[in-house]
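S.K.: The residues making up each chain are set out below.
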Amino acid sequence: MRWATFVVLTFLCIALELSLRGVLELRSIGGISPSFVAPLAVFVSMFAPRMTALWSCLLLGLLMDISTPIAPHAGASFYIFGPYALGYVFGGFMILQLRPMVFRQRSLTIGFLTALCLFAVALVTVAIFIIRSWYAPDPSIYPISPSATGEMLRRFGIALYSGIFAILFGWLLLTTLPFWGFPTTTHRRVGRW
Amino acid sequence: MYSTFARTQSAFTAAILITLALSLTPDRYLGWTNDIAEIIRVPTRPFSHLGIVMGNWLRPPTSFDSDFPEESKEYVDHLKSERDKFMQLYAAEQMEVASLRQTLEQIQRVPIEARRPLRLLGASITAHSPTDRFGPVQLNRGSRAGVTPGDIAVYNGVYLVGRISDVSTFGSTLVPLTNVATGLMLVKITPPDTRDISVLNLVQLQPNGDGTFIADVESGFDIEVGYEAIFSDRTWPDAARSMVIGTVASIDPIDDQPLRNRIVIKPRFHVSELSRVTLKLEQEEQEAGSLAEVGVGSESGGGGDP
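Protein chains in written order, with my numbering: chain L, 809 to 1001; chain S, 528 to 833.
Looking at chain L on its own, in the form it has when it is part of the complex (with noise of 0.2 Å):
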């Protein structure tokens, strides 16, 4: 894999990600947005070596760590480097295990997949979560805070969300598979439903 394809890839997902959130945003539904780093971890997770692959979903969850900070009640926010990190990083091992059962050059595949990377990250943040919250001296500053269930239900809309988009998103980012050096991937027509 050209890890410098990944690299300007990851940037302009991380930059759509923190910006085009309100124009996607679901604002009667909880607010719900649609992710761009999950649909790439997908893409690489499907195409890049095994190893390659679980760097990459590391390096894509670090960035959303970096790019979620904390506010406490007093003083400066802070940044928790983890949840989402091993959160993708599970994500990612899902989709390895997928990925000879699926059609990987099919953007509904990507769709499938990025909700279910997703519904993965979920259950991994929240969980790292819920165990702070047992010695935190005050959880309410977290994001499951009123409620972890509540939370659960609103990142399983985010990725339900998310795999619609993804299906667009998937497209597009199939179009620049003879950008990424894949070992054994054969470029014919791609963008297929």
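Just to be clear, a hint being listed does not mean it is correct.
Stated by the list, open to error - So, partial list: chain S residues that the calculated Cβ filter (under 7 Å) puts toward chain L:
1) Leu557
2) Val569
3) Pro587
4) Ala654
As the list claims (entries may be wrong) - Partial selection, computed: residues in chain L whose CB lies under 8 Å from chain S:
5) Ile822
6) Leu826
7) Arg829
8) Pro877
9) Ala879
10) His881
11) Ser885
12) Phe886
13) Arg940
Treat the hints as calculated values from the structure; they're not laboratory data. Note that the Cβ used here is the ideal one computed from N, Cα and C, for glycine as well.
Let chain L serve as the given structure and place chain S on it in line with the hints.
M.R.: Below, chain S without anything else, positioned relative to chain L:
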């Protein structure tokens, strides 16, 4: 060599274990993460800023005045008359405050600190929180522009939207008012368009986590749907006082407290819908009783209301 390292399973396992340890590290040991995040965000900031500007153009926040089309002469005349009315009221209040201050100083024989003048600074939002609609956002103004932790952010001049939590050289973090980290706030609930601050409907609001604020009040309070919540908390900077938080959206009785009602305040704007805010920065202290310096300072360096 690089690809060999990438494939090394033991290196990956070590990275996972370190990440797991970091994810469970207590909050008080995570202050250093701010610096690393700031450095790593630098390359994404121009692109995310551009994305926010485009997003705000594609899906702008709802207009705060639906009675008039914004481009009409009638709307401009309406704004001018409102401005003149409030300037007159402001001047009258200034004279009253000066008189009261002098009286109080004579009684207590202690000089009273004059209110610090303000500087308005426009700031663009360069990054939203990706998963939390009410999460902290990044601004493109930092300590170099005079921003300090605790400064407040407003929209359209009167709507309080958040407070600066931490500052770096070229950027700062704004915590929206609707974020649960804001905590309790004192506000006065007044009829709309009168801003009658003598009304003693002083209530304690807290963010509800869903973009609204809630407060429990006695059922005898004279509050109706549509009333405005005016910020009145002395623990915040003076610049925040008399800013509008939002309007009363509902008043419901509390089942296990029959003599109390729960009011829900809905803010007019959410930070997640905006691309730009105005920061109110308190300038250096002036001598007590100096009337000429009391009040809003001039706009400066790329700032000003959107």
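S.K.: State for each hint whether it applies.
M.R.: Hint check results:
1. Leu557: holds (4 Å)
2. Val569: Since chain L brings no Cβ nearer than about 11 Å to Val569/S, farther than 7 Å, the hint is violated.
3. Pro587: violated (10 Å)
4. Ala654: OK, holds: Ala654/S within 7 Å of chain L, min 4 Å.
5. Ile822: holds (5 Å)
6. Leu826: holds (4 Å)
7. Arg829: holds (6 Å)
8. Pro877: holds (5 Å)
9. Ala879: holds (4 Å)
10. His881: holds (5 Å)
11. Ser885: holds (5 Å)
12. Phe886: Hint on Phe886/L: holds, closest Cβ of chain S at ~4 Å, below 8 Å.
13. Arg940: holds (7 Å)
Consistency with the previously given hints fails for numbers 2 and 3, ordered from lowest to highest.
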